[in-house]
Each structure stands twice: as structure tokens, then as C-alpha cells.
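There are 2 protein chains.
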Amino acid sequence: MTAELLDGRATSSTIRQEVKAEAEQLKAQHDVVPGLATVLVGGDPASKTYVSMKERQCEQAGMRAFGRHLPADISQEELLGEIEALNADPGVHGILVQLPLPDHLDEDQTLAAIDLDKDVDGFHPLNIARLTLQDVEPTFAPCMPLGCIELLDRYDVDIKGKEAVVLGPTNIVGLPTALLLLHRGAALNVCHPHTEDLAGISRRADILVAAIDEPRMVKGDWVKPGAAVIDVGWGRVKDETAEKGYRVVGNVDFDQVKEVAGHITPVPGGTGPMTIAMLLQNTLLSAKRSVGA
Amino acid sequence: MTAELLDGRATSSTIRQEVKAEAEQLKAQHDVVPGLATVLVGGDPASKTYVSMKERQCEQAGMRAFGRHLPADISQEELLGEIEALNADPGVHGILVQLPLPDHLDEDQTLAAIDLDKDVDGFHPLNIARLTLQDVEPTFAPCMPLGCIELLDRYDVDIKGKEAVVLGPTNIVGLPTALLLLHRGAALNVCHPHTEDLAGISRRADILVAAIDEPRMVKGDWVKPGAAVIDVGWGRVKDETAEKGYRVVGNVDFDQVKEVAGHITPVPGGTGPMTIAMLLQNTLLSAKRSVGA
Chain A
139 MTAELLDGRA
149 TSSTIRQEVK
159 AEAEQLKAQH
169 DVVPGLATVL
179 VGGDPASKTY
189 VSMKERQCEQ
199 AGMRAFGRHL
209 PADISQEELL
219 GEIEALNADP
229 GVHGILVQLP
239 LPDHLDEDQT
249 LAAIDLDKDV
259 DGFHPLNIAR
269 LTLQDVEPTF
279 APCMPLGCIE
289 LLDRYDVDIK
299 GKEAVVLGPT
309 NIVGLPTALL
319 LLHRGAALNV
329 CHPHTEDLAG
339 ISRRADILVA
349 AIDEPRMVKG
359 DWVKPGAAVI
369 DVGWGRVKDE
379 TAEKGYRVVG
389 NVDFDQVKEV
399 AGHITPVPGG
409 TGPMTIAMLL
419 QNTLLSAKRS
429 VGA
Chain B
139 MTAELLDGRA
149 TSSTIRQEVK
159 AEAEQLKAQH
169 DVVPGLATVL
179 VGGDPASKTY
189 VSMKERQCEQ
199 AGMRAFGRHL
209 PADISQEELL
219 GEIEALNADP
229 GVHGILVQLP
239 LPDHLDEDQT
249 LAAIDLDKDV
259 DGFHPLNIAR
269 LTLQDVEPTF
279 APCMPLGCIE
289 LLDRYDVDIK
299 GKEAVVLGPT
309 NIVGLPTALL
319 LLHRGAALNV
329 CHPHTEDLAG
339 ISRRADILVA
349 AIDEPRMVKG
359 DWVKPGAAVI
369 DVGWGRVKDE
379 TAEKGYRVVG
389 NVDFDQVKEV
399 AGHITPVPGG
409 TGPMTIAMLL
419 QNTLLSAKRS
429 VGA
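Heads up: the sequence lines are chains A and B, in that order.
The first sequence runs 139 to 431 under our numbering.
The second sequence runs 139 to 431 under our numbering.
Chain A extracted, bound-state conformation (with noise of 0.2 Å):
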């Protein structure tokens, strides 16, 4: 292997010990904890865990998780007027809306009616409008881009004026990651899945982000030795050999890449836990600005 490992597992610990030492203070000079709402509509199993584990990470940084559970046939005024008293409420510093919703709810009008100081998830449509424009920020990006943004930071491989290559523009990660790196100074290649040469396009980048929901799609061949490969998939494939008899795996071929890319984050262990750090800390920094820390 000559790639460094983009740790997220490891960089994610230090960030919810740096959002936990900083919580603390803020209890200590402000009296405020950080809340976050997590608002989860219905029992799907998967929504659920990922609910419960930012739940348990908000505590264990030292913040408050409001968890909202609600019926799943909660009707759209209802869950409006959810979001509404969680907006109204001092103690609460993020909202966060588990999506997908059931069918019935209107994920748009939901995420518009979250308070923008208050929209730590960055989803708003306001805050996608403002993460695309130059020269406008969005109060908060969101945590799955801003965790790939931060792990290039944190390993020190330089955006500005490289090339960026990002394969999927998926709404959730594709599409805001491209747009991060494109407003700190990357030049910008975005390709579909139906895109002809993606791995000649793949192999123009100095970092490369795969989000194209194909199992370990991005070759060996695929990368420009020394680029820093980002890997946001997540999924399982057959694996006799595995002790559960599958094993997860990302977008990139990792035993392959990891000979020629200069970094490259694993799956498991790479972007994920990264979201939820990313979550933290703009929870963190949604409690500071209400008192002007």
C-alpha cells in the first residue's frame, strides 16, 4: 500500500473531542448546551439506526439530542407544526430531518420550514441556493460533503486550483461536494453514470470523489497516481470468505487503488463517520452564534 489512509474513523474521534471540549466551555462561560433535534418519521430499521447513533453521539460530546420519533402516518400539517415548535425552542440549536420521509410528506416544504439558523443538516432550500451561488455562504453545508471537505483539510491535500473529478451528482453528496470544491478553487468535472470514459475522466483527478452507487466501480487503472481518492459509497457484497458471509464495501476497488492513490478513505471507516462529526460541530457552531461565541 502507498496511499495514506484518509482516517475518518480516527479524524472523527479528534473532532468530537475538539466539539466536547468546546461545548464545554460554552456551558461554562454561557450556560448553553447545544441541542440537536433529530426528528425521525416512522420505524424504517435503517433511518432508525442512523437516528440513534447521531443521538448518541450528540451525548456523548457533551450536547442534548431532542429526539422527535413521530407516527408514520403523521399527516404534513402535523409534522410542520413539529418543525415549528422545534424553531420556537431556545434549547434547540440544529433540526435535523431524517429523509427519506414516507411517501405522503413533502420533504421540500418540510426542509424549507426549518429555521435557517438552525439548519445544521444544510438542506434548506435557501442553503442549497446559497452553496451554489459564489460569494454567498450557506449558514451551514451539508455534513456529508463538508466531512469530505474536512478530511482533504485535516490530511492537508490542497483544493485550490487542482482537479477535481466527482462521479455521481447525487442531491445528497455528489452534487454539494462538487460544489464545495468548486467554490474553494478546484477545477470541476462532474460525470454521470452513463458517462461515456469515466475512467479516463476518473484519471484526469487530483482528488476524486466517487459517488456512484456501483460497487467497487473505480479501478486501479482509474486514478492518476498520488490523487487523493474519496470514497462516499457504501454497500454490501457476497463474501464467503466473511465471517457474516458478506462484506461492505464502497465505489473504489480499495485493494487496487490504495497502490496508486497518494490518499484514499476506507469503507468502512471513511465518510460516514465523518457525517455525523460534520453534524456535531455545525450543532456546536449553530449553539455559539446564538450567543455570539
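Hint data in this document are derived by calculation from the structure and do not stem from the laboratory.
Bear in mind the structure is a predicted one, so any value in this text is a computation, not a measurement.
Hints are not guaranteed to be accurate.
If chains are identical, the list can't say which one is meant, so a pair holds when it fits in one copy or spans any two.
[Claimed, not checked] Here are the simulated SDA-like pairs of lysine to any residue, each with C-alpha atoms no more than 25 Å apart in a straight line:
| no. | residue 1 | residue 2 |
| --- | --- | --- |
| 1 | K298 | H332 |
| 2 | K376 | V387 |
| 3 | K298 | E352 |
Place chain B on chain A using the hints.
Here is chain B on its own, set in the frame of chain A:
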């Protein structure tokens, strides 16, 4: 010259005739005359010229132009009151706020006050967010970017699966055009003025959009043979052989590039006239939607 001209003057003339015919039909069938309100604050000469061109072309296309020419020292509150009145006016189907506004006014807040259904200029932040994301459509897309796409479509230049390069991620043109091309299925490149090897990246382009604000920067050897080259630049350079002592040029060295490209926009007469044509088309569309036509 080997390139076919992407003739914005002729194409916009065709579109304006189409709009006029549809406006007449709308009047005959639904007794509705499309109405565009042009909001001009202060007396900036360039802004006055643009606005009066828009108003004149609007009337020539059988539509109503409501000029709201407001004093330079209008307060933000008064300006928002004007927008509210236009939002409420059933005869107004489109509202265009001519930018830039004087420094004491808040452009973001002003654009966000426009009724989404009347945002024919496409710069309401919710429309920017929808333009950014996959699988959602803005009520209207910004007019100059839309004009670039319309020119490509009218000249049968394929977008899907092609490689597009946008030089200059400007808020008004570069970024929205990039997003439109991406969501039409192009593989996208976006460069900054400071990006190294702009020439090399430009040579990748099947569709090259120059929004880099540098007269005649794009040279013949920046262009892949057969590429479609769209120039959104507009500036004056000294030219003592010209009658007025200057010549209007774009970001592309037309004389060089026309020998290499497959299609090229002239400046003037390219994307400029298309912008107003798209404004009229958006206003017509809004009027049609208002009666479900």
C-alpha cells in the same frame, strides 16, 4: 470559416414571432394578455438601456410591459412593497428586477420576495436550489443560460453524453449554464480564471461556454475541431479601424475559433438577443400556466 453560426439574432427573432403568435392565441382563447413588470431602481444608463429593450420587445410581441421605474433612494421596505403589489396583480405574469440594485438595497431579499410563479428571471433562491438539484425543476430557469441551451437545441447540437466545459463560474451565467448542461446529461467541467491549463481543459469540450470576462481569451488552439462554442462575454476593445474607435467583442477570438469550431456564437448577435427572447418566452409560459393553457 468552417463553423456554422449560432445566430442569436435570427433565432431570437423566430422565437419572438412564435411568442407573439402564442400570445395572440392566448388572448383569443382566454382573454389573457401576458404581462411583464420590469423593476428598475435608479438611473444607471446600462440598466436603463436593458430595461427599455425588454419593455419594447415585450410590447412588440403582443405582451404588456409594466415599467416600475423607482427612485435610487427607495427604501428596502418600499421596494418590497412594490414587489408585493406586483405579486398580487393578476395582470402581471412575470417580474424582472434589473440588477445590480443600489448598494443600500438587499438583492437576495428582494429576489426572494418575488412570487415563484412570476419569477421569469429565474433568480429566486428557491429556483436556484431547484436548478441545482437533480429531479426537481425550477418554475423558470435564468434567461441567458436558458438562451444558450435553446441555441444548442435549435441548431441540433447534442448535449447528452457530450463533454461540456464552462469557463468562469459566474452566478448570472456560468454556474446556471453549467447546471443546465449537467442536468441535460453532459459531463461537466467548470474552470476558474485562475485554473492552470485553461487551454487544455477547453480542448476537451464538445460544448465550450466562455463566461470568463476576458476579451478574445479563447484562441483557436483552445478548441476541439467541431466543438460548439458559446460566447457570453461582451466588452469593448479599442480598434482605430472601426468607425466608433472600438469594437464589441466577446471572450472568444472569433476570427480564429470560427476556423476550428463546428458551431459558434457571434458577439454581438449571439447570446445577447437570446436572453430577451427567453424572458418573453418565460413570461408567456407564466401567463399560459395562469389559465392552465
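Here is how each hint holds up against the structure:
In this assembly of identical chains, K298 and H332 lie within 25 Å of each other by CA distance solely across copies; the values are 9 Å between and 28 Å within a copy. In this assembly of identical chains, the alpha carbons of K376 and V387 lie at most 25 Å apart only when taken from the same copy (10 Å versus 60 Å across copies). Only between protomers do K298 and E352 lie at most 25 Å apart by alpha-carbon distance; the minimum there is 21 Å, versus 28 Å within a single protomer.
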